[in-house]
Every structure is written in structure tokens, then in C-alpha cells.
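Chains A and B, in that order, are what the protein sequence lines are.
The first sequence begins at 57 in the working numbering and counts up by one.
The second sequence begins at 3 in the working numbering and counts up by one.
Honestly, the hints are just simulated from the structure, not real lab data.
Take these hints with a grain of salt, some might be off.
Stated by the list, open to error - A short list of chain A residues far from chain B (calculated; beta carbon distances all over 12 Å): (1) G83; (2) D98; (3) P112; (4) S118; (5) G153; (6) A154; (7) E157; (8) S178; (9) G235; (10) G291.
Stated by the list, open to error - Partial list, computed: chain B residues near chain A (C-beta under 10 Å): (11) R9; (12) K14; (13) R19; (14) A23; (15) V26; (16) A30; (17) S39; (18) G157; (19) T159; (20) K225; (21) R234; (22) R246; (23) T277.
We treat Cβ as the ideally placed atom computed from N, Cα and C, and that holds for glycine.
Listed below are the residues making up each chain.
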Amino acid sequence: MAAETDVAGHPVDEALEADDAAIRTRGLSKRYGRVRAVDGLDLTVPRGSLFGFLGPNGAGKSTTIRMLTGLVRPTAGEASVLGVPVARRLTLGGRVGALVEQPAFYAHLSAWQNLSLLASLSGPTARKRLEEVLAVVGLTAVARRRVGTYSHGMRQRLGIAQALVPRPELLILDEPASGLDPEGMAEVRELLTSLRDDGLTIFLSSHMLAEVEQTCTHVAVVARGQVVAQGETGGMLRGAAPGTRFVVDDPGRALEVLAAAEPPAIEAEAVDERTVEARAKGRDAAELNAILVRGGVRVSEVTPVRRTLESFYLETVSNAVEEAAGTAGTSGRAGA
Amino acid sequence: MRLAPLRAELTKLYRQRITYASFVVVLALVGLVTWGSHHEARHLDVSQRVGSEFVVAGRTITALFVARAVMEVALVVLVPMLIAVVVGALIAGERQNGTLRTLLTRPQPRLRVLAAKLLTGWSFAASVTVFLGLSALAIGQLVFGWGDLVIFDGGLTVLDPHTGLMRVAEGYALAVASMCSVAALALMMSAIFDNSMAAAGLTVAVLIVMGIVGQMPYFEHVKPYLLTAHLRVYSEMFAATVDRAAVLTSAGYLAAYTALTTAVAMIVFDRRDVTC
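Same shape as in the complex, but just chain B:
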């Protein structure tokens, strides 16, 4: 009975088309990035990237490289947007089509229903992120094969396949945490607004505004406190030397943002009258 709301939410989420459409879009992106990399690989001038004359023997692009590369193109805009659309509908969408009143007349505490929705949102954020990584590894393996992970970080660092795989796994674990904080933000918007598109749009808008503010020198002192400054925490795992302290700090900010947005969602969802 306690887990029934979670089962119900997962059933609803994983039986709707938009969920699977999201996975298809992610897969298509991975395919396009791999295809592009495949062509680019022939012309890749490593010497320009490291800023000096250099000779590289062997493959620079491998499955691990693709898994790393797709993070930069997918986790900045695409995946947060998909999360905003899917999670933004979890409450606002139900309010819009009337099912929220059907749901909340069941003998279940509202906060349990909200917890189920949050866990479902996190499950989507996690599954789409993990799917991104696994599909990149699989397609990268097919096209480029297995091998070292080459990192361009001012200089050039080559990690052996085992270490590279560990870095990719840790990077994706951090990406899951980042995307879960986006899901919590989207759920808060979903609790506040009656329209799922408004919830999704405002989630993306908040991320864009934070991103712009973070780029402006005038707001340099604010930047460390912005969610967007920590969403790319996974990129720390692809430096020559991992700054564990910076990772922990960013993880702390992500947790704080998640806690704050969840608390607001709890207050709104628990107290708000269902009038539509």
C-alpha cells in the first residue's frame, strides 16, 4: 500500500509515448555525434588542440571518448529539456486533464503521492542519462572500437581503458545527480503551475537565466551559488587530475538545490486546493 503510489506513477510514466520518444531522441543524438566524430576523426589535428607540434600514434576516438563527448552536447540542453517536459507534466499535466482529483481522492497522503512523483521524476532523469551513456558506449564501440580515453585538458592525457571506464562511470553518476536536481526543479514548477508546458518552459527558462548570469563578469561573485555552475560537475572527472574537493562542493550545491525545490514542492502540493 505504501509503495502503491510509486508503482502507479512508474506505470503511468513508462506507458506513455513521450517517455520513449525521449529515449529515441537521445539515441538519435548519440548516432549523430558518432557519425560526425567518425568523419571528423580523419581530419582531427591534435597538434592544434594541444598548442604545439605533436605526433599521435593510434586511435584518439574510442567508445569511451564518444561517451565523454555526448555528455557535453546532451546534458547541457537536450536532457534537461526532456526532463523539464516529462517531469513538468507529473503534477501540472494531471491537474490540467483532471486526473489529479481522481488521484487525490484515494486514501493516500498527499506527501506520499508527491514522494512517488519525485522518485518517478528521478527515475526518468537517471534512466535517460544512463541510457545516453550506454548507447554512446555501444555505438562508439561499434564504430570506433574499445581503447584508451584521450582527454584534452589544456594538455593531452591518455587514460588506459580501465581507468577511462571508471572516469566515465563516475562522470555519469555525477550527471545523474545533476539531472535529478533538474527533475526536482521541474517538479516544483509542476506543483506551482497549472499548465505542464508552463512548468516545463519555466524550468528551462530558470536554467537559461542562471546560465546567462553565470557568464556575466558582473555577477562573478554570484556564480558559485547558481545551480547551473554545478550542473556540469561531471566534467571534473575528465580533467587530468580530478579535483575531489570541487566535486564534493558541487555535489553539496546540487543536494541543497534539490532539497530546497523539493521543500517548496511539498508545501505547495500539500496545501494547494484542487479546484480544477
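If we strip away everything but chain A, and leave its shape as in the complex, we get:
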């Protein structure tokens, strides 16, 4: 079988193909009428990972999470959680905890009553366990207050607490830090890291790329209902060709020189009237600089561009969208 690659042609981390995946989907699809919310999604989440599930709005992240948690039935494909097909997920009992989208609770009940009520549906739960999770999310002091009086951040923390109560092996969280203030976000980050250190697998969707880069061991990027990149966070950022910015006397000439260089091909673009950014696999900044100088371009400054998850994400999503537009255009012509 050919090795799986991401949209940029990088091989997917082989560890993701191990049999003991916490989540695995193959060709997972969901249609709402004529709309394909998820379209053949292949995803592998290794056990013990803190997995960031990224994608633009409408990419299919929430629908995927809803299918994994049994809220939505897939139209096609397979999905398994902790080795159990989603259709039989009830046999997992409390081994999976989930927070799907905005946390919703019974506003007329207290946090304690909400937790107690929801915990009872996952199995017998000791009072001490409820106290523990409330302490973990910092809500002990307000546990007897009606949830209707809670702030958004408090509800968010209660949402994480309800997912933690049954001591799950896998935690599925949809935007857990959404709406939190910086302190709250830092607390959630620390909490997730410590839970991961305790051996939990955490699968979280998020738009907060800086947070994901700091905390997640693995990421997947989804666009138009399909996974377009997945792997270890560090590996994915390292694997991509690093960029270098050159301040030059003639950016137009610089682009011509770089375009005319011997293979491997160099990707280059003008950033402003004095700067070009270039990247090529297997070529470092010194080599690119030498090509420019040999071509008669005066280089006055060379700056390596640090590759962030944000830049990787934007590039990956943009490529996926362009590719999809190209495919649509080709099919349109073929059909004409």
C-alpha cells in the first residue's frame, strides 16, 4: 500500500497507522441533502496524543466530532473510537468524555446537581470524584450556585469537568478555550497538558493556532470535509521547506533569477518593494543567497522565516481550496 501523504506531499507519520489508534476514521462522510459536510475523512489519532483538529469554519470539524460522539449518523465510511466502531460506542461506557460545541447545562440546577445528574448517566460516581473534578477546574467555591448565573468561562470549565468525571481514556473537546480570557486559556492549556501527561488521549478542535502549537503533539488540518494534512506537530513544521526573506535592490530581478535557477524548483514571491521570500526543499538560506548574488542581485539582509503552525495552516488550507477550485474547473470544462 502506498504511504499516505499530506496535501504538500509529505508522508503521514507512520505512528498514526498503528493499530491502537484512539480514533480512526476511513472514508467518513456526512451529507445534509446536497451539502457534503464531511467527505471521505481519513483520520488517525494515536493513543496518548494531544491532537489538534484544525480547519476553517464549515470545514466539517463539528460534524466529525458529532459523528464520533454518536450525535450524528455517518452517511458513509467507518469510524472507531478506542477500537470500537462508533455504532457500538455505548459499550465504551465512561471511557470517552466529550464536550461538543458550547457547553450546555440545566440552568435551574447547580453545577453540583448538573455534574451529579450527568455523571449518573455514565455509571456510579462517588461524591469524592465530583469534588475532585470541580477542584481541577476551579469551581469548588461556586459549585452550589445555579448554572444560570455562571459566566461563559465558568460554563466552559464546567463543560470540561463533566467530560472528566467518568475518568475517560479519551477526551473529545470542541473549542474548549472558546470565549475564555487569557488567564482562562492558560489554565485550560495547563490542564490539558497535565491530563495528557497522565496518559489521556485528548482530541480537540480549535481555532486558536498558537495554543494548539504550544500544547498539541499532533495536528490534522481539515478543509472541505477532508483531512488535508496530519501528523506530529513538530515534524510537520520541520518537514515543510523553511522560508527565507531577502532584502534586495531589485525584487523583480530577484524573482527572475530564482525562477531560472537549476532544479529543485524554488518558490518565491515579493513581500514588498524591497523584499522577496523564497523557499525550496533541500536548499538553505546560504544557497539561495548565493544564487541571488551570482545572478547579479544585491542582497542587503537575509532573515530566516520561522514556520509557525499558523503559516502552515494558512498555506495548507489555501492549497486545498485552490486544488479543489482547480478540480471543479477541470470537471466543469470536461462536462462542457
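For this one, chain A is given, so just place chain B on it according to the hints.
Then chain B, alone, in the frame of chain A:
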């Protein structure tokens, strides 16, 4: 673990204000009916009601009479409406405020959750109906005292207190069955619609439409099959002679309606995606 969803549903229901507000409204109605009866009793002309010259000695209005009278004013509109509002929110309300997704991510089969909601809806229907009867008996006892049950059924029948109490108890048992079928209808609407007010409104609308159709001579042949034709089955217990066959027929229709609406609710609730 199997009973956990039922406990959870009962906890949610009996800790919310609307539940108790319903009991307060029922109590207020019983108070108003008793007060009105108290004043009316002075002017009650039994001879007009039996269509001939008549002399009545003793009390015609007693606690049992009040318990019977409030059925006619409460069980036709008020109690079904309260049931529609409370039970109509059991699924649609949770879908509206997002708690349905929190609930359905628990390791519980959907049909067990639905069964818990149905039993909870029935518990509300039963408790509000029984509360109506008990509060009518209690307030009637305070105002009019204990005594015979006088039935105006074309003629005038006087049942001794023991027989009267049995008739009232049986009447309320049948009323509970009627109101449970309304609860099942409301739960079906709640499974179908996303908005609790839409579920409640449509439940009441279905009952009103059936009631109107049942009144129209053109639809006479349809009338026996309408739910509303059997909701007042309890009134059979207050005829001079109880027609047990008619009671059984109506009970059968109520059971059939309950089974049908529950089956639809099961199919919808089990298969429907939770997208909000």
C-alpha cells in the same frame, strides 16, 4: 444505571419552576370553582336541571361534587395545555438550549432516554390530574363538607358517599389515562419539532382541531376514531349507570393513540441527527 435516565429526568422536571407553577394554577382553578359553587349553591334550582317540579332536602354540593365538577372545567383545556407545555419541552426544549447533545453523548441508548422522558411526562400528567382531584376533595370538604354525590344525568341520581368516592376515584383513574395519551402526543411533537413552544402549540392545536371536527355533523362517522372523543371517558363514571363497554372501548382508543404517538416519537428520536 438502567434507571439513571429516569432519575435524571424526574430530577430535572421536579426542580423546575414551571412544574410547580402548573400545580399552583390547578389549585387556583379549584379554589375559583369552589368559590363559585359556594355562591351558586344558594341559588341552585334543581327543578330546572331535572326538568320537572322537584323538592331536594339536604346538600347537593359536597366535596365529591366539587371533585366531579372541576374535571369538566380543568381536564378539557387547562390540564392538557399544561401537559403540552411541560412535556413539549422535554425534548424540544433540550434541543433548543443545547442540553440534548450533552445528554446524548452519555453512554445511554437513545430509546432508554426516550422511555425515561415518556415516563416522566406520564408522571407529570398523572400527578397534576391526581393533584386536581385531591385538592378539589380537600377544598370541597372544607367549604361544603362530606356527603352524597349528586349526579345530574338527564334525571337526578344520588350516590352514597362510599359509592360516590369510588366513582370519583375511577373517574380520576380514567382521567389519568386520558392525560397520559395527551402527554404521549406532546412528546411526539417534542421529538419532531426543534422549538418547545411549537411542540406545545401544535399539541393543543391537534386537540382543538379534533374537537372541532368531532362537533361537526359532516364528520360524524369519523368522530369515534378521534382522540378527543375519548379524552372525556372519565365522564362515563358519572352516569346513573356506568357503561363499562363504552369505558373499555375508549380506553382501547386511548391506548392505541398512546402507542401510535410513542412509536413515532421512538422512530424520530432514535434516527434524528442532533445538529444544534
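Results for each hint:
No beta-carbon of chain B comes within 12 Å of the beta-carbon of A/G83; the shortest separation is about 19 Å. The Cβ of A/D98 lies farther than 12 Å from every Cβ of chain B, with a closest approach of about 22 Å, so its non-interface assignment holds. Taking the minimum C-beta to C-beta distance to chain B, about 19 Å, the non-interface status of A/P112 holds against the 12 Å cut. Separation of A/S118 from chain B is inadequate, the least Cβ-Cβ distance of about 9 Å not exceeding the 12 Å criterion.
Taking the minimum C-beta to C-beta distance to chain B, about 9 Å, the non-interface status of A/G153 is violated against the 12 Å cut. Annotated as non-interface, A/A154 brings its C-beta within 12 Å of a C-beta of chain B; the closest such distance is 5 Å. Under the 12 Å C-beta cut-off, the non-interface status given to A/E157 relative to chain B is violated; the minimum distance is some 7 Å. Not every C-beta of chain B lies more than 12 Å from that of A/S178, the closest at about 6 Å, which undercuts listing it as non-interface.
No beta-carbon of chain B is positioned within 12 Å of the beta-carbon of A/G235; the least distance is around 14 Å. The beta carbon of A/G291 sits about 32 Å from the closest Cβ of chain B, which is more than 12 Å, so the claim that it is off the interface holds. Interface hint at B/R9: satisfied, since its Cβ lies 7 Å from the closest Cβ of chain A, which is below the 10 Å cut-off. Using the Cβ-Cβ criterion of 10 Å, the hint placing B/K14 at the interface with chain A is satisfied: the shortest such distance is roughly 6 Å.
Given the 10 Å rule on beta carbons, the hint for B/R19 holds: about 7 Å separates it from the nearest Cβ of chain A. Contact between B/A23 and chain A, as hinted, is not supported at the beta carbon level, the nearest pair being about 12 Å apart and thus beyond 10 Å. Residue-level restraint check for B/V26 is violated (minimum Cβ-Cβ distance to chain A is 17 Å; threshold 10 Å). For B/A30, the interface hint is violated, since its Cβ never comes within 10 Å of a Cβ in chain A; the closest pair sits about 23 Å apart.
Here the hint on B/S39 is broken, as its CB sits about 37 Å from the closest CB of chain A, past 10 Å. Residue-level restraint check for B/G157 is violated (minimum Cβ-Cβ distance to chain A is 52 Å; threshold 10 Å). About 48 Å separates the beta-carbon of B/T159 from the nearest beta-carbon of chain A, more than 10 Å, and the hint is not met. A least Cβ separation of about 41 Å between B/K225 and chain A goes past the 10 Å threshold, and the interface hint is therefore violated.
Hint status for B/R234 relative to chain A: violated, with the closest Cβ pair at about 35 Å, above 10 Å. The beta carbon of B/R246 is not positioned within 10 Å of any beta carbon in chain A (closest approach about 44 Å), and the interface hint is therefore violated. Look at B/T277: its Cβ gets to within about 7 Å of chain A, closer than 10 Å, so that hint holds up.
Violated hints, listed in ascending order, are 4, 5, 6, 7, 8, 14, 15, 16, 17, 18, 19, 20, 21, 22; each of the other numbered hints is respected by the structure.
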